[in-house]
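Novice: Each chain is listed here by its residues.
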Amino acid sequence: QQQVKQSPQSLIVQKGGISIINCAYENTAFDYFPWYQQFPGKGPALLIAIRPDVSEKKEGRFTISFNKSAKQFSLHIMDSQPGDSATYFCAATIQGAQKLVFGQGTRLTINP
Amino acid sequence: ETGVTQSPTHLIKTRGQQVTLRCSSQSGHNTVSWYQQALGQGPQFIFQYYREEENGRGNFPPRFSGLQFPNYSSELNVNALELDDSALYLCASSPDRGSWNTEAFFGQGTRLTVV
Numbered sequence: 001q002q003q004v005k006q007s008p009q010s011l012i013v014q015k016g017g018i019s020i021i022n023c024a025y026e027n028t029a030f031d032y033f034p035w036y037q038q039f040p041g042k043g044p045a046l047l048i049a050i051r052p053d054v055s056e057k058k059e060g061r062f063t064i065s066f067n068k069s070a071k072q073f074s075l076h077i078m079d080s081q082p083g084d085s086a087t088y089f090c091a092a093t094i095q096g097a098q099k100l101v102f103g104q105g106t107r108l109t110i111n112p
Numbered sequence: 001e002t003g004v005t006q007s008p009t010h011l012i013k014t015r016g017q018q019v020t021l022r023c024s025s026q027s028g029h030n031t032v033s034w035y036q037q038a039l040g041q042g043p044q045f046i047f048q049y050y051r052e053e054e055n056g057r058g059n060f061p062p063r064f065s066g067l068q069f070p071n072y073s074s075e076l077n078v079n080a081l082e083l084d085d086s087a088l089y090l091c092a093s094s095p096d097r098g099s100w101n102t103e104a105f106f107g108q109g110t111r112l113t114v115v
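Residue numbers (our numbering), protein chains in the order written: chain D, 1 to 112; chain A, 1 to 115.
No lab work stands behind these hints, which were simulated from the structure alone.
Misleading hints may appear alongside valid ones.
[As the list claims (entries may be wrong)] On the chain A side, residues computed to face chain D include the following (Cβ under 8 Å):
(1) A38
(2) Q41
(3) G42
(4) P43
(5) F45
(6) Q48
(7) N55
(8) G58
(9) F60
(10) S86
(11) L90
(12) G107
(13) G109
C-beta atoms are modelled at their ideal positions from N, C-alpha and C, and glycine is treated no differently.
Sequences are here, hints too, so could you generate the full structure?
Specialist: Encoded structure:
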């Protein structure tokens with residue numbers, strides 16, 4: 001029940017296209033859902049996050065869509081750029097809890 | 001304001017040996033968490049330290065232990081290394097344990113290879 005399942009494992013998108021990464025969770029106690037971006041040789045960096053009281057959050061080209069009833073959330077990257085090529089992790093946690101539960105990651109490649 | 005720094009960046013150890021990894025938390029941060037990231041996987045929570053006390057532990061055996069110092073820097077110690085311990089070890093710090101998971105900053109990690 002602590003798992004977060006992420007898909008796809010890898011994704012190739014043309015420059016200017018929309019990248020979509022999906023995650024699903026089981027634990028209904030989760031109340032904070034961040035997305036992290038990780039470049040090779042670097043630690044994960046917080047990209048954008050959402051709480052379950054809203055269905056969508058947008059920051060620049062990045063949007064999280066959240067479906068509480070389906071226990072799913074997704075990251076959309078609009079106008080994808082080669083600099084967006086990285087591994088993306090969704091995560092879930094309970095406010096005040098000690099740990100983040102991460103998905104397995106999606107390796108995104110944006111072709112120029 | 002300096003970020004989270006980890007040392008060393010890479011390390012090769014032999015099975016059965018012991019290893020110590022180090023983390024300097026971001027200035028003003030009193031909470032440090034450690035994660036293990038196996039190749040091609042998401043990070044897995046090992047444990048968290050808050051003001052020098054362990055404040056939560058994941059599903060890792062006791063041979064994984066840690067310390068936090070008065071300056072809030074931290075160490076991760078692994079005894080009796082096994083081949084499966086080969087991974088990227090990440091340290092994350094945050095201003096306070098109450099907000100840690102919404103304001104956590106990760107270091108670049110230490111790549112441990114056990115041969």
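Novice: Give a verdict on every hint.
Specialist: Each hint tested on the structure:
{"no.": "1", "hint": "A38", "in the structure": "violated (10 Å)"}
{"no.": "2", "hint": "Q41", "in the structure": "holds (6 Å)"}
{"no.": "3", "hint": "G42", "in the structure": "holds (3 Å)"}
{"no.": "4", "hint": "P43", "in the structure": "holds (5 Å)"}
{"no.": "5", "hint": "F45", "in the structure": "holds (4 Å)"}
{"no.": "6", "hint": "Q48", "in the structure": "holds (5 Å)"}
{"no.": "7", "hint": "N55", "in the structure": "holds (6 Å)"}
{"no.": "8", "hint": "G58", "in the structure": "holds (6 Å)"}
{"no.": "9", "hint": "F60", "in the structure": "violated (12 Å)"}
{"no.": "10", "hint": "S86", "in the structure": "violated (16 Å)"}
{"no.": "11", "hint": "L90", "in the structure": "holds (5 Å)"}
{"no.": "12", "hint": "G107", "in the structure": "holds (5 Å)"}
{"no.": "13", "hint": "G109", "in the structure": "holds (5 Å)"}
Hints 1, 9 and 10, counting from the list given before, are not met by this structure.
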